[in-house]
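Number of protein chains: 2
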Amino acid sequence: MKRIALLMVAVVALAGDVVSIAPASGQADGEAAPIFGVKIPPGYRNWSLISVTQEGGDFNELRAQLGNDIAIKAYREGKLPYPDGTVIVALHWKRVPSEEDNKVFGRAQAFIAGSPVNMQIMVKDSKKYAPTGGWGFGDFTDGKPADEAKHKTCFPCHEPAKAQDFVFTRYAP
Amino acid sequence: MKRIALLMVAVVALAGDVVSIAPASGQADGEAAPIFGVKIPPGYRNWSLISVTQEGGDFNELRAQLGNDIAIKAYREGKLPYPDGTVIVALHWKRVPSEEDNKVFGRAQAFIAGSPVNMQIMVKDSKKYAPTGGWGFGDFTDGKPADEAKHKTCFPCHEPAKAQDFVFTRYAP
Numbered sequence: 001m002k003r004i005a006l007l008m009v010a011v012v013a014l015a016g017d018v019v020s021i022a023p024a025s026g027q028a029d030g031e032a033a034p035i036f037g038v039k040i041p042p043g044y045r046n047w048s049l050i051s052v053t054q055e056g057g058d059f060n061e062l063r064a065q066l067g068n069d070i071a072i073k074a075y076r077e078g079k080l081p082y083p084d085g086t087v088i089v090a091l092h093w094k095r096v097p098s099e100e101d102n103k104v105f106g107r108a109q110a111f112i113a114g115s116p117v118n119m120q121i122m123v124k125d126s127k128k129y130a131p132t133g134g135w136g137f138g139d140f141t142d143g144k145p146a147d148e149a150k151h152k153t154c155f156p157c158h159e160p161a162k163a164q165d166f167v168f169t170r171y172a173p
Numbered sequence: 001m002k003r004i005a006l007l008m009v010a011v012v013a014l015a016g017d018v019v020s021i022a023p024a025s026g027q028a029d030g031e032a033a034p035i036f037g038v039k040i041p042p043g044y045r046n047w048s049l050i051s052v053t054q055e056g057g058d059f060n061e062l063r064a065q066l067g068n069d070i071a072i073k074a075y076r077e078g079k080l081p082y083p084d085g086t087v088i089v090a091l092h093w094k095r096v097p098s099e100e101d102n103k104v105f106g107r108a109q110a111f112i113a114g115s116p117v118n119m120q121i122m123v124k125d126s127k128k129y130a131p132t133g134g135w136g137f138g139d140f141t142d143g144k145p146a147d148e149a150k151h152k153t154c155f156p157c158h159e160p161a162k163a164q165d166f167v168f169t170r171y172a173p
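Chains as they are written, first to last, in our numbering: chain A, 1 to 173; chain B, 1 to 173.
Extracted from the complex, chain A is given alone in its bound form (with noise of 0.2 Å):
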């Protein structure tokens, strides 16, 4: 009996670690995105971080993005194509100033995360997506899916990213 009392601590422990890892910003009743069907995958803002790019022009963005297990181990370890399974969320927000930041360093030099502009996510299914190169799209903003116009801009957008399948974030260590 004391190994099941044992066995059953040790559930009950590892039940509570994973549930503290995944909570929030679940979204999986949202509505789906036109043409690929992809929805936010929830529990995605408590996901590893791939890197982090700034965009500029039009844009004036700082972006992150975030992988799922799958992603994660699939960077790390270099494997090209992604195994079916992946996703990537990569989260927009506005670049803004820091006056905090600034006044510490003495001069206007620092930019943090603004408010959120959108996320667009990359979902791997080979054969679901075999016509886009095995990826399905999805670009929402507050949690509303963008157009069907918007999403056909998707796969010939990264099309030159051919060589790191369709990939443009790298792993940033």
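It should be emphasised that the hints constitute simulated quantities derived from the structure, not laboratory data. Note that the structure is a prediction, hence the values are computed from the model and not measured. All residues carry an ideal CB built from backbone N, CA and C; glycine is no exception. Some clues are possibly wrong.
Footprint (simulated), chain B over chain A, 3 or more residues, beta carbon under 8 Å [stated by the list, open to error]:
(1) 60 to 71
(2) 92 to 103
In silico DSSO-like pairs for lysine-lysine, Cα to Cα no more than 30 Å straight-line [to be verified]:
(3) A:162 / B:150
(4) A:103 / B:103
(5) A:39 / B:73
(6) B:162 / A:94
(7) A:79 / B:162
(8) A:73 / B:152
(9) B:73 / A:73
(10) B:144 / A:94
(11) B:39 / B:103
(12) B:144 / B:94
(13) B:150 / B:162
(14) A:162 / B:103
(15) A:150 / B:103
(16) A:39 / A:144
(17) A:79 / B:94
(18) A:73 / B:144
(19) A:152 / B:103
(20) A:103 / A:39
(21) A:94 / A:128
(22) A:144 / B:150
(23) A:152 / A:39
(24) A:73 / A:128
(25) B:73 / A:94
With chain A's structure known, arrange chain B on it following the hints.
Here is chain B on its own, set in the frame of chain A:
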């Protein structure tokens, strides 16, 4: 017996999940930072994202701040001060142009995380680090801690953020 078997399956399954979530980049046996004794926390590279920043001037860096479960929970609940056990890791990379992105957009506007510069760690322990607002600091380059002189600058630099418990970074939704 069936119940026990099911429990064992659950234990193995959950243990598998937990293990798969926390691999890589553990440098727990590494050198401790002077003054504070802070070490690089094992598995930090799997932690959830707090926000991203860009630091110009002499830095020319893109940065990401990651938090352990205690940090992320406190951020999402907006609770101050941060509870003991909070750990925040800031990763700093050189900000480099992305020729690949620029080609797609047809002009020079994209920057990505280049080579790692350093990482900075904040550990909350209100008793141990009482003289420095309850925070211990660590600054590491290539896994090696900076010297004592550098670590003496950590708390004075963070003092202006006293109203946010000495933490500059805000959570990016």
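Evaluated hints:
1. Coverage of a stretch by a chain is defined here by at least three residues with a beta carbon nearer than 8 Å to that chain's beta carbons; for the segment 60 to 71 of chain A and chain B the count is 5, and the condition holds.
2. Under the rule that three or more residues need a Cβ within less than 8 Å of chain B, the assignment of the segment 92 to 103 of chain A holds, with 6 such residues.
3. A distance of roughly 44 Å separates the Cα atoms of residue 162 (chain A) and residue 150 (chain B); the hinted pair therefore is violated under the 30 Å criterion.
4. Between the alpha carbons of residue 103 (chain A) and residue 103 (chain B) the distance comes to roughly 36 Å, so the proposed pair goes past 30 Å and is violated.
5. Restraint check for residue 39 (chain A) and residue 73 (chain B): the C-alpha separation of about 25 Å stays at or below 30 Å, so the hint holds.
6. Under the criterion of a C-alpha separation no larger than 30 Å, the hint pairing residue 162 (chain B) with residue 94 (chain A) is consistent with the structure, at around 26 Å.
7. Among the hinted pairs, residue 79 (chain A) with residue 162 (chain B) is inconsistent with the structure: their alpha-carbon atoms are about 45 Å apart, more than 30 Å.
8. Proximity of residue 73 (chain A) to residue 152 (chain B) is assessed by CA-CA distance (about 38 Å); at most 30 Å being required, the pair is judged violated.
9. Annotation: proposed proximity of residue 73 (chain B) to residue 73 (chain A) holds, straight-line Cα distance about 25 Å (limit 30 Å).
10. Restraint check for residue 144 (chain B) and residue 94 (chain A): not satisfied, since their Cα atoms lie roughly 34 Å apart, outside the 30 Å limit.
11. Distance check on the hinted pair: residue 39 (chain B) and residue 103 (chain B) sit about 41 Å apart at the alpha-carbon level, beyond 30 Å; violated.
12. Of the supplied pair hints, the one linking residue 144 (chain B) and residue 94 (chain B) holds, its CA atoms being roughly 18 Å apart against a limit of 30 Å.
13. The suggested pairing of residue 150 (chain B) with residue 162 (chain B) holds, with an alpha-carbon distance near 20 Å, which does not exceed 30 Å.
14. Only pairs whose Cα atoms come within 30 Å are accepted, and residue 162 (chain A) paired with residue 103 (chain B) is accepted, the gap being roughly 14 Å.
15. A C-alpha spacing of about 20 Å is found between residue 150 (chain A) and residue 103 (chain B), which places the hinted pair at or below 30 Å, so the restraint holds.
16. The suggested pairing of residue 39 (chain A) with residue 144 (chain A) holds, with an alpha-carbon distance near 10 Å, which does not exceed 30 Å.
17. Proposed proximity of residue 79 (chain A) and residue 94 (chain B) is supported: the alpha carbons are some 25 Å apart, at most 30 Å.
18. Distance restraint check for residue 73 (chain A) and residue 144 (chain B): the Cα-Cα separation of roughly 26 Å lies within the 30 Å cut-off, and the hinted pair is therefore satisfied.
19. Using a Cα cut-off of 30 Å, the hinted pair residue 152 (chain A) and residue 103 (chain B) holds, with the two alpha carbons roughly 20 Å apart.
20. Distance check on the hinted pair: residue 103 (chain A) and residue 39 (chain A) sit about 41 Å apart at the alpha-carbon level, beyond 30 Å; violated.
21. With a C-alpha separation of about 33 Å, the suggested pair residue 94 (chain A) and residue 128 (chain A) falls outside the 30 Å cut-off, and the hint is violated.
22. A C-alpha spacing of about 47 Å is found between residue 144 (chain A) and residue 150 (chain B), which places the hinted pair above 30 Å, so the restraint is violated.
23. For the given pair, residue 152 (chain A) sits about 16 Å from residue 39 (chain A) by alpha-carbon distance, which is consistent with the 30 Å threshold.
24. Taken as a hint, the residue 73 (chain A) and residue 128 (chain A) pair is honoured in the structure, with Cα atoms around 22 Å apart against an allowance of 30 Å.
25. Using a Cα cut-off of 30 Å, the hinted pair residue 73 (chain B) and residue 94 (chain A) holds, with the two alpha carbons roughly 24 Å apart.
Hint violations for this structure: numbers 3, 4, 7, 8, 10, 11, 20, 21, 22, all remaining hints satisfied.
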